[in-house]
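Student: Protein chains in written order, with our numbering: chain A, 1 to 114; chain B, 1001 to 1113.
Honestly, I wouldn't trust all of these hints.
As the list claims (entries may be wrong) - In silico lysine-lysine, BS3-like type, Cα no more than 27 Å apart, as pairs:
| no. | chain 1 | residue 1 | chain 2 | residue 2 |
| --- | --- | --- | --- | --- |
| 1 | B | 1038 | B | 1056 |
| 2 | A | 7 | B | 1036 |
| 3 | B | 1100 | A | 7 |
| 4 | B | 1017 | B | 1100 |
| 5 | B | 1068 | A | 7 |
| 6 | B | 1017 | B | 1027 |
| 7 | B | 1038 | B | 1068 |
| 8 | A | 65 | B | 1068 |
| 9 | B | 1051 | B | 1064 |
| 10 | B | 1060 | B | 1036 |
Said to hold, decoys possible - Covered by chain A, per the in silico footprint, the following chain B stretches (three or more residues, Cβ under 8 Å):
| no. | stretch |
| --- | --- |
| 11 | 1053 to 1061 |
| 12 | 1071 to 1082 |
Calculated directly from the structure, the hints in this document are not laboratory data. Keep in mind it's a predicted model, so treat the numbers as computed, not measured. Cβ atoms here follow ideal geometry from the backbone N, Cα and C, with glycine treated the same way.
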Amino acid sequence: SAVISQKPSRDICQRGTSLTIQCQVDSQVTMMFWYRQQPGQSLTLIATANQGSEATYESGFVIDKFPISRPNLTFSTLTVSNMSPEDSSIYLCSAGTGPFDTQYFGPGTRLTVL
Amino acid sequence: SQELEQSPQSLIVQEGKNLTINCTSSKTLYGLYWYKQKYGEGLIFLMMLQKGGEEKSHEKITAKLDEKKQQSSLHITASQPSHAGIYLCGAVPFNFGNEKLTFGTGTRLTIIP
């Protein structure tokens, strides 16, 4: 199994600012993903973090708003840029080692934008 | 796109009672994951089902995937307060190599002592 940590666990930010969320896995993984969970909602995939190349974004999410880095097989960051109150959500990263392997999730980052 | 419907949306059960949560897909499932989420926290992996007719158990939780691979159920026997939380099913769509999970709407489970 993989243990995933995220930093920060929570933050309160002002409108117009940016926040970078870090995701660290305790072992090398093939796949890393970023999800958003808006209040009272299920999880929505933002993007797949690709090691050494640009992230693959889902419909409705763009790189300018959610730039993602993945410099190696155990670490990724998600930046929420130019934040608005609508960005208030829990952001979760997940990781897996291939098809049909378990996807493990981090504890999430609870973001509140004022 | 893959759509997952969970039922019921919420469930209030007396401690010690059994309960079932369902997850229905609009398309054939390539893999089906069950997770539990405590309020405001990350997801805890419960089980993953892949084959039609497959059934897995962990402690008092049993999950099944039907033969057609379009519906899964999660059954909790003799529920306890520790079972309270939000249960989410996540699906791998039926195209090999795509591991992105699509999640169901979630079921909020409350256990009454």
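Student: If a hint holds in the structure, say so; if it does not, say that too.
Tutor: Hint by hint, here is what the structure shows:
no., hint, result
1, B/1038 <-> B/1056, "22 Å, holds"
2, A/7 <-> B/1036, "21 Å, holds"
3, B/1100 <-> A/7, "23 Å, holds"
4, B/1017 <-> B/1100, "34 Å, violated"
5, B/1068 <-> A/7, "41 Å, violated"
6, B/1017 <-> B/1027, "32 Å, violated"
7, B/1038 <-> B/1068, "31 Å, violated"
8, A/65 <-> B/1068, "40 Å, violated"
9, B/1051 <-> B/1064, "10 Å, holds"
10, B/1060 <-> B/1036, "14 Å, holds"
11, 1053 to 1061, "violated (count 0)"
12, 1071 to 1082, "violated (count 0)"
Violated hints, in rising order: 4, 5, 6, 7, 8, 11, 12; the structure is consistent with all others.
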